[in-house]
Each structure stands twice: as structure tokens, then as C-alpha cells.
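Peer 1: Could you put the whole structure together from the sequences, leaning on the hints where they help?
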Amino acid sequence: MYISQVKFKKITIVFLLTLLILIAFFFVLNGLITTKYLGVELTVDELSLPVSKNQSIRFLFSRSIVQSDIEVLVDPKFDFSVRWFPKEIVIIPEKVLLNNQIYKVTIRGKIKDNLKREIVDFIEYEFKTRPYEFVFKRIDGSNETLVRSNLSDFKEQEVFKSQTIKKFDANRVLFAVIETMKSGFDRLIVKKFGGETIFQTTTDSKLIPSVSISDDSKYLMFLEQDAVRESGFTIPKSESRLKIYDINNNRFLKIPSDSNFSEVMESTFAPDSKTIILKKADGNYYLTNVSNLSKSTLLGRYTSFGGFDEKGQKILFTSYDPLYTYSSYPFIAIFSSNRKVNQINDGENYVTNPRFFKDGAILFASEYKSVEGTKGLMEIKMFKDGVTKSLARIDGYSLELPNVSDDYFYFSAERYTVENLLNYEKTRIFANESKPYHADTIIFNADGVLIKIFENCTDFRWI
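Read in full-length UniProt numbering, the sequence shown has 439 at position 439, and its numbers run on one by one without any break.
Just to be clear, a hint being listed does not mean it is correct.
[Unchecked claim] Each computed DSS-like pair below joins lysine-lysine, with the alpha-carbon atoms no more than 27 Å apart:
(1) K95 - K280
(2) K274 - K237
(3) K280 - K426
(4) K340 - K274
(5) K384 - K340
(6) K95 - K384
(7) K166 - K340
(8) K87 - K110
(9) K128 - K384
[Unchecked claim] Here are the in silico distance ranges between beta carbons for each label pair:
(10) I102 - E433: 40 to 48 Å
(11) F154 - K237: 43 to 51 Å
(12) E118 - K295: 47 to 55 Å
(13) E263 - N349: 44 to 52 Å
(14) I429 - K369: 18 to 26 Å
Hints were generated in silico from the structure; no laboratory data involved.
Every residue gets a Cβ at the ideal spot worked out from N, C-alpha and C, and that includes glycine.
Peer 2: Spelled out as C-alpha cells, the structure:
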């Protein structure tokens, strides 16, 4: 079809005019649409978790904004960084925020959109971090009950009951219980707080020595052994097998057939929810990662594991140092990421259960009075800047197993009587030592002031 030159010019002119009108309409409409401040979103509902949880405070806008000079104030003060994104300003705390604390964030300065129009020049936002919560096992006659409570009002919620809760682990979302059945074999149950069952093993001739849940609720890790019943006893018939279950994808991870993963006695997730520390029967500890289980790092031979520091760069152990053959007591050793090992005590008396505390300090249980047939009566001591001092002691009792809150403002300890210590018939077995079956749990503040006593309660966990 032939189009004359004159007609073609007219069509072109009409097309260009239409395009110019549409472009002008777009700019007018764009100018009329106001960029709005939408409010604040917290990436997690519990900001007092470690930084590895990607905690952040996000100030959201309806359209793209441009970076400008602003002043950000926080009260109470904490260290933070500010990041700009196309439609948001993000405040990222650099350390763990205090639990059960009201914070106020203030932004001053003109915030503009990509058309240089001012959106707002003042934002103020208040939020409260989660309360201190914890889980413990209560022993009441023939029953054992898993209880959840908090430091605000100490109200208790029973979450699981059984005749024998062998061991358990918990975070804020999930709890895992190893239950010894009447048959003598073990069953592992993982549930959400609130009731939904996530995972469960059968009771078919198995023993489960330990369990660990990652803090991000993505992985479940436990040890499993084949077993038989003989003469009324449950007897292991195999080495323990490490099992790691991917909760989100409902599958077990493939464990390498490496000798480092055989004869595992203890396995625990680090605070980053990916790193795993393993103890083998020969006393050697290894580090590995769920994203690369084929690679493991030997840390050395130690007596027991005491935990990671806040940044995951240091690990606490207890150890007998062969260079100090005159001493029969263990040392507390700090293993750093550069593989440097420092000992913090002189080995002159019995110490156990070291834990990292606030401002680089270390808590541990230390003997203050000998009792024949036992490790002695213990008190909780604190080591900081080369100085050791007593932090919590109750005469006539032994305080052991300190457990520190995420923000290091509180710690718990188990309290044993001399009768508890001398009762060898019923004990709780840990990887390196045994503890009395019966105990009370006491919560102290960071200065060692007694806050609360939970009678007949053990195995305390902050969540």
C-alpha cells in the first residue's frame, strides 16, 4: 500500500505530538504523586538476638529516596551503622541489644525522593525488645515437666510432660526432647511452642545421647545409637551416628563417611546456626559447617567445651595441660580464631563449666570447700582483665553449670546440697562429667545478686 510523502509527514507529526503529550502527562502525574513515609519494619520480632540474625530497623518509603545528610540518635545508646536503599533507610545494631528494654530511634534531617522533593524532616520510633525467657526441667515426684517462663512476671507454662526427659534443647520457636520410654529406648520429639510436632523418631531399639537445635530453627542435630535390652538394662550396640535434619526441606543431610564423623560423643551448634563443634571419643574437638560437611578443622584435645564468644571468634574449653604434671586439676583455655590458646587459671583447685560473660569476662565454677567423695562445693567466679573474683556463693551448697543470657546481664546456676552430690545412684550424664539428678536453679544478675530460685528445677536454657 502506497503512502504519499505528505501523508507520511502528517502521521509522523501526529505520532510525535502524541508521544510528547504522553511524556508531559507522565511528568505531571509523577509530580502529583507524593512520596510517603510508610513506617518501620523490624526484620525479626526479637531484636536482642545476636547480630548474625541480621537484626535491623527499616524505615520504609513508598518511592525511591536519595541519600542525604541526616542525624540518627538512639536512646539508650548503642553502636549502629546506617545504610541507604532505594526505598528504605536501615539502622543495623552492631551488638546485641538489651532484653526487655524500650529503645527510641530519632532521625533528623531532610529526606528527599528522587525528584528532590522533601518527604519528611523528623522521624521518631519506639520499640521494645523481647523479654528474658527461658526453659527448664522440673522434677515433681514421678513426672518430669518442661516449663517455659520469663523474668518479667515468672509465669510458668508447661510445654511437655513425661516420666523421663533425658535431655532437651530449645530456642524461641522450637524445643526438642529426648524421652526415655518404658521400653528403655529413647524417642526424640521436636515441637513448636504451641503444639505442632515438627519431627519425631520411633522408639525402635535406639538410644539418643544428645540433641541440638540451631538458633534459626533451620537444623536439628542429634546422635543415635543402636541398642538392645539385656537383663533389664539398655546396652548400646553401635557407635553413635551423627544426624543433621534440614527442617525447612524435610530431609537429612548427607554425613561424610570420614573418620572425623565417627565415634562422636558430643555435637553442638554455634550461635551462627551453621558452625558445628564435635567432640570425638578420643577427646579431640572439630569444627565443621552445615554448608560444607566434607571439610572439618581439628581444634585439639580438650576435656570439655564451654561455648563461643559473642562474635564466634573464641571458644572456651577445659583441659588438663600435660606440661604441668604437678597439677591434677583442669585448666580453662581460650582458643582463638588465630589458633592461639591462652590459659586463665593456675590449676590449683578444681574448676569447671566456663562461660563467656560481658565485657570479655569469663564465668566458671570453682571449688571453695572440699567434700570427700565429690569434686567439692563450688562457687561461681568471674575472670576479667587478669583478675579473678567470687561472684556468687552460698555456703553449704555447690553452685555449678552457669548459663548466661544473650545480653550477659543475667546468669543462672544449679544449686546442689551435699546430699545431692553424694547421691551416686541417680545422676545426669554430660560429655565430660556427671551432675546430681536433683537440684534447684537460681537466677542472678550480672553483679551476682540473687533474683529468683526455682526449686527442683534443672537444665536451664535461655531462649
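Peer 1: Hint by hint, which ones does the structure fall short of?
Peer 2: 1, 2, 7, 9 and 13
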